[in-house]
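With chain A fixed as given, assemble chain B onto it according to the hints.
Protein chains: 2
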Amino acid sequence: MPSAEEAADAVDVTALLERGRTLATPVLKKAVDRLAPPMNTVAAYHFGWIDAAGNPADGDGGKAVRPALAVLSAQAAGAAPEVGVPGAVAVELVHNFSLLHDDLMDGDEQRRHRDTVWKVHGPAQAILVGDALFALGNEVLLEIASVDAGRATRRLTTATRALIDGQAQDISYEHRERVSVEECLEMEGNKTGALLACASSIGAVLGGADDVTADALEKYGYHLGLAFQAVDDLLGIWGDPESTGKQTWSDLRQRKKSLPVVAALAAGGPASERLGELLAADAKNNDFDNFSEAEFAARAALIEEAGGRQWTADEARRQHKIALEALDTVQMPATVRAQFAALADFVVVRKR
Amino acid sequence: MPSAEEAADAVDVTALLERGRTLATPVLKKAVDRLAPPMNTVAAYHFGWIDAAGNPADGDGGKAVRPALAVLSAQAAGAAPEVGVPGAVAVELVHNFSLLHDDLMDGDEQRRHRDTVWKVHGPAQAILVGDALFALGNEVLLEIASVDAGRATRRLTTATRALIDGQAQDISYEHRERVSVEECLEMEGNKTGALLACASSIGAVLGGADDVTADALEKYGYHLGLAFQAVDDLLGIWGDPESTGKQTWSDLRQRKKSLPVVAALAAGGPASERLGELLAADAKNNDFDNFSEAEFAARAALIEEAGGRQWTADEARRQHKIALEALDTVQMPATVRAQFAALADFVVVRKR
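These protein sequence lines are chains A and B, in that order.
Numbering of the first sequence is given in numbering that gives the first Met the number 0, commencing with residue 0 and proceeding in unit increments.
Numbering of the second sequence is given in numbering that gives the first Met the number 0, commencing with residue 0 and proceeding in unit increments.
Bound conformation, chain A alone (with noise of 0.2 Å):
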């Protein structure tokens, strides 16, 4: 008998993903479909499927880990992967409301390698559409009127609001010179382990599983969040940005307090010291949005030197496993198992 890593390691995941972005994309369509114009048009050209003109397009719709989670996830309650689709697609139009007024509030002008809606449709139209899907999100769910989906759009709530506290501890944080790791992994804990953790157990939820295996799903989903956040936070440093779609040094320009940067701070000794003398001088500094790459890759080089980078990937090593942990206190079929496993190995290895 194969052991679980051998079992995670024959999965196919570019499959999984397609799975569920096949079972999910049809129905997230027609939902978008009623929202009224040009609040629809507005969805399409954010979720890539028309260009700012109006015509059709083939966008990147991301790597559409969360639909392949929330169907995989009813299979984990023994219930056909359909079922667990109205969950994929709530989670999805949620996630999608969340960048929508994120990007407007962080003033990003672009996102998936594309103009953001509020740059090309105004933050009017970024407001309301980010509105728009958020109550689609619970319309999808609440019309199955069934005690599950009752109990799947509770949990779905939770993680908005645990969404949307991140995103505020995110905004509080720019403006203050320290932040602990503590603060930071609560924070992305918020921003994206709340929303994973939902996706992994919604189609269960759905599929009629009890609160304590939706539970040990959401734990699994949660710190796989963590990891996944983890990740990102290197690659906001360190990503090639022809895979991530953004500038370099992307998350230096924003004066992100990502994971790196504060663990960097927190670690003491001269390259840590030196770290936080440069950030809380750039913080006074009119001059800082014309720093040169130069100037940016020494602030990286310090953030490595002084063991953020590898404190991280550390990190995300360290919530990965975690994750899987959480998988082993739910009875599910071994194959089921094998791909929530290989989904997080694919979380924590991406590239962009």
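Derived from the structure by calculation, the hints contain no laboratory data.
All of these numbers come straight from a predicted model, not from anything done at the bench.
One or more hints might be untrue.
If several chains are the same, the list does not tell them apart, and a pair holds so long as it fits within one copy or across any two.
[Unchecked claim] Under the rule of at most 35 Å between Cα atoms (straight-line distance), these lysine-lysine pairs were calculated in the DSBU-like manner:
no. : residue 1 : residue 2
1   : K62       : K118
2   : K283      : K62
3   : K118      : K245
4   : K320      : K118
5   : K28       : K283
6   : K283      : K29
7   : K283      : K320
8   : K320      : K29
Then chain B, alone, in the frame of chain A:
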């Protein structure tokens, strides 16, 4: 036995509004307290509980028609008024989510005689706290974890989607030269009718009322909302700034295609045509923002001459009548019916 009209006249509306406010406000405050800082403070400012400096304030919390309706609707289902409280709170949270976002989208700087949230705390907080209140509204209902709470949340979600559709229509109408009376009524039904419909039925749903009863109460609330909005449109042009807290000719300054305007434009005749020419010229006039009182007064006089003011006043009465007729299809205690009727009367004769 007194007639239905006499019974309504005998109701102490002030006490009815006060009861809704007294039952709902503590629960609303407790819900808002759950928000992570600084969102709890921003929300408390919005609700008028504190001033911009953070000191306790006794702000104008509005007329509180919605909470009064929600607790009354529980009694229509034979339940205690308290049963309607989570519904009242959820509806207030969703209503205030829409105010926060609409004020930002519309660029409105004042509400209830105070600076709006985006003016005081910035656009990001207005977006974020709006999102949080929306999520909280669902949470307050879903944590009841009953089938009826799920039904109530579904109705609230439908109303919220209509609210968002209405705001989308409102924004798109501002860019159009002509809007039909039907389009205007549809927009107002979405923006105002849908949530008052939900407020008028949500307590009954929580109290176990069947869908036929809930639908009839929604119909009452929907048409009450249209009556309310017709009165609001009259106040938006001819209201006393001292009472409304808005500028003179407020809706004309904002070029709103409100009912008196669209009815006047649709009426035909010399005054209607002259008004159409003037408004078309205004739309292209870069000096519009510096118009004198006399110029707005001239437009208001043309709207009145073309019959827009009278048509809107008649429309308020028509909608009021449909609302009362919807009550007749529901079995409920005569005292409760009289109270619904009295609230409807109050909405149509209000001065602010």
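To see whether the hints hold, each was checked on the structure:
1. K62 x K118: Within one copy only: 23 Å inside, 38 Å across.
2. K283 x K62: Intra 37 Å, inter 47 Å, cutoff 35 Å: neither.
3. K118 x K245: Answer is both: 16 Å inside a copy and 32 Å across each meet the 35 Å cutoff.
4. K320 x K118: neither (40 Å within a copy, 46 Å between copies)
5. K28 x K283: Answer is neither; intra-copy 46 Å and inter-copy 38 Å both fail.
6. K283 x K29: neither (49 Å within a copy, 39 Å between copies)
7. K283 x K320: For K283 and K320, neither the intra-copy (40 Å) nor the inter-copy (64 Å) Cα distance is at most 35 Å.
8. K320 x K29: So K320 and K29 fail the 35 Å test inside a copy (38 Å) and across (38 Å) alike.
Checked against the numbered hints given earlier, the structure breaks hints 2, 4, 5, 6, 7 and 8 and satisfies all the rest.
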